[in-house]
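Each protein sequence line maps, in turn, to chains C and U.
Residue 193 in the working numbering sits at position 193 of the first sequence, with consecutive numbering throughout.
Residue 475 in the working numbering sits at position 226 of the second sequence, with consecutive numbering throughout.
I should point out that these hints are in silico values taken from the structure, not numbers from a laboratory.
Backbone N, C-alpha and C define an ideal beta-carbon position, used for all residues, glycine too.
Hints should not be assumed to be uniformly reliable.
Listed next, the stretches of chain C that the computed footprint assigns to chain U, with coverage defined by at least 3 CB atoms under 8 angstroms from CB atoms of chain U [to be verified]: (1) 35-45; (2) 48-60; (3) 68-74.
Using C-beta positions, here's what the derived DEER-type ranges look like [what the hints assert, rightly or not]: (4) U:Asp382 to C:Arg7: 38 to 44 angstroms; (5) U:Leu480 to C:Arg150: 55 to 61 angstroms; (6) C:Gly169 to U:Asp382: 37 to 43 angstroms; (7) C:Ser143 to U:Arg452: 55 to 61 angstroms.
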Amino acid sequence: MKPVYVRPKSLKPTPFHYCPGCGHSIVHRLVCELIDEMDMRGKIICVPPAGCAVLAYNYFDIDVCESAHGRGCAIATGFKRARPDKIIFTYQGDGDMAAIGTAETLHAANRGERITSIFINNAVYGMTGGQMAPTTMLGQKTSTSPYGRRSEIEGYPLKITDLIATLPGAAYVTRTSLANPAKIRETKKSIKKAFEVQIAGLGYSLVEVLSPCPTNWKVTPKESFAYLENIMEKEYPIGVMKDITTQKG
Amino acid sequence: MDKKVLMKGTDAIGEAAIRAGCTCYFGYPITPQNEIPEYMSRRMEQVGGVFLQGESEIASINMVLGAAATGMRAMTSSSSPGISLKQEGLSFLAALELPAVIVNINRGGPGLGNIAPSQGDYYQATRGGGHGDYRMPVIAPASVQELYDLTMHSFDIADLYRTPVMILGDGMMGQIMEPIYLHDRPEVELPPKDYILDGAEGRPSRIVKSLILDPAEMEEHNWKLKRKYDLLTSRIPQWEEYLTDDAKLTIIAYGTAARIAKGAVNRVRSEGLKVGLIRPITLWPFPDEAIRNAAKKTKLFLAFEMSTGQMVDDVRLALEGSVPCEFYGRPGGIVPAPQEIARIIERFWLQREL
Ligand SMILES: Cc1ncc(C[n+]2csc(CCOP(=O)(O)OP(=O)(O)O)c2C)c(N)n1
Ligand code: SF4
Ligand SMILES: [Mg+2]
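Pulled out of the complex, with its shape left as it was, chain C reads as follows (with noise of 0.2 angstroms):
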């Protein structure tokens, strides 16, 4: 009998200490499945964040270099600069590559670093308790934005993936969504693209994927879907934003 759903080679036998219902696992298989699928482990790093993937290398069997939060993007390109042969991708959630990591994320795009970022954005800071993100919606409940946030106060959520795709050195940039099964087949071709584009040594490959945080969102997992789908899917459209490989000119 033929199986029809196997646990990638490159994915540990671990259990995830992820939520129920957490975006963080999902994208982690699906990354894992491209691993074996594109043939990358030999050869391929990656930087994950401080943040709810911290332990990523519980998870993925490959070689990983830890973080400091919102430094993935740096360490990346020291990697990639050192080893131009090698694939390095940054695995980061928002509080990491939007706020903290700003400066060496928005730098290492517009160097066009060979390197792909994939950018969960759960519109809150998952491991410290769900306080408020740059990604934070107006009007969301968190910790630290207990009434909503506002913008006279907290400023606008920041669509770090936008301004990325303005800069020339980003050859990949799109958006996409966890929010059901098709949008999650979606996100795997993305993400396939963003490191195909890498190896090809076209640019900076970003993936942003809305991802459910049902524990700091309290909600249900199932109840997160439809939050992703009604309400973050609005704030933040999902769709490619820049892909060189198929402008004209």
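We have chain C; now place chain U with the ligands onto it with these hints.
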């Protein structure tokens, strides 16, 4: 055959790094050390290495971290305010046990301070300005030749002990020009780099990490690091002694201050005062042994620093109260002449009736 060339301090650091096999340099401009990234931007291209100007010191030290994790010899350089920004990275390099060389061309501070030579970063360098229970070798050259030789040596220490190593200079060290020998890289047997990340081809995957959530395991890691620091303390202290054999008064000074002090020693010696100099070359580990040995013969120590007094604490710790230690300092970027230090020596000589 080695031949002498006239070289500026900052260039000597850069050339030594290149000849020591450093293939990755990352840095951010700040005076008075801009000549290092400028030199490296020219030379790395010629030798096929990597030069990249980071967007900040934080980014630069993390680029160094990434390159070091691939097994390449990597370095960065900066000056005081920039070194403050590198502290996070230094703590991580120490925790991850990754080798790297960091140059601090110390300027006047705190704050923006000024761009004149200073030794105000001694505490930050030797106590670890980064968080956590770590130590870092700190090396203080006092001539362009030493900047060259000790930069090469620093890369070996970094690889031998898997630790970041800091070269602590000051604006004067960086700017002076002296004739030096461009020695070849010393032959040192280095341990294999079995920790590097280069893709898990045909081997189990590797993790470079410092997160250790279990306190018992973290304690073990701390003790493991401590054993390494003890080894460094027993092996690498380095210092120079000048006319200490019969000295009744011994000056302790490092870097530029030591050169000034040497001039002062020569002056007062010509007047018959038996004064000597101990120049710590490693600031961490501090050459306690040299100080303790000198304490058997000398009656008074005088620590001289271009700061309000930082290294003097280490001298007093080494002495454990056995012999008094006076202090004289000129902070803020003032570089006193040897005459001034000679006068200070004479004053203490008379006061203490040596
Ligand atoms: C310098 C520093 N500041 C703060 C922290 C604490 N911290 C760890 S993760 C995190 C935020 C995580 O949020 P995000 O990046 O959105 O990732 P998530 O957990 O939501 O996936 C913070 C503030 C830290 N580790 N280091
Ligand atoms: S807190 Fe949120 S992001 Fe973190 S593991 Fe739980 S669901 Fe996932
Ligand atoms: Mg988050």
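Results of checking the hints against the structure:
1. 35-45: holds (count 5)
2. 48-60: holds (count 4)
3. 68-74: holds (count 3)
4. U:Asp382 to C:Arg7: 38 to 44 angstroms: 39 angstroms, holds
5. U:Leu480 to C:Arg150: 55 to 61 angstroms: Given about 56 angstroms between the Cβ atoms, the range holds.
6. C:Gly169 to U:Asp382: 37 to 43 angstroms: Roughly 40 angstroms apart at Cβ, these two residues keep to the hinted range, so it holds.
7. C:Ser143 to U:Arg452: 55 to 61 angstroms: 43 angstroms, violated
The structure shown violates just one earlier hint, number 7.
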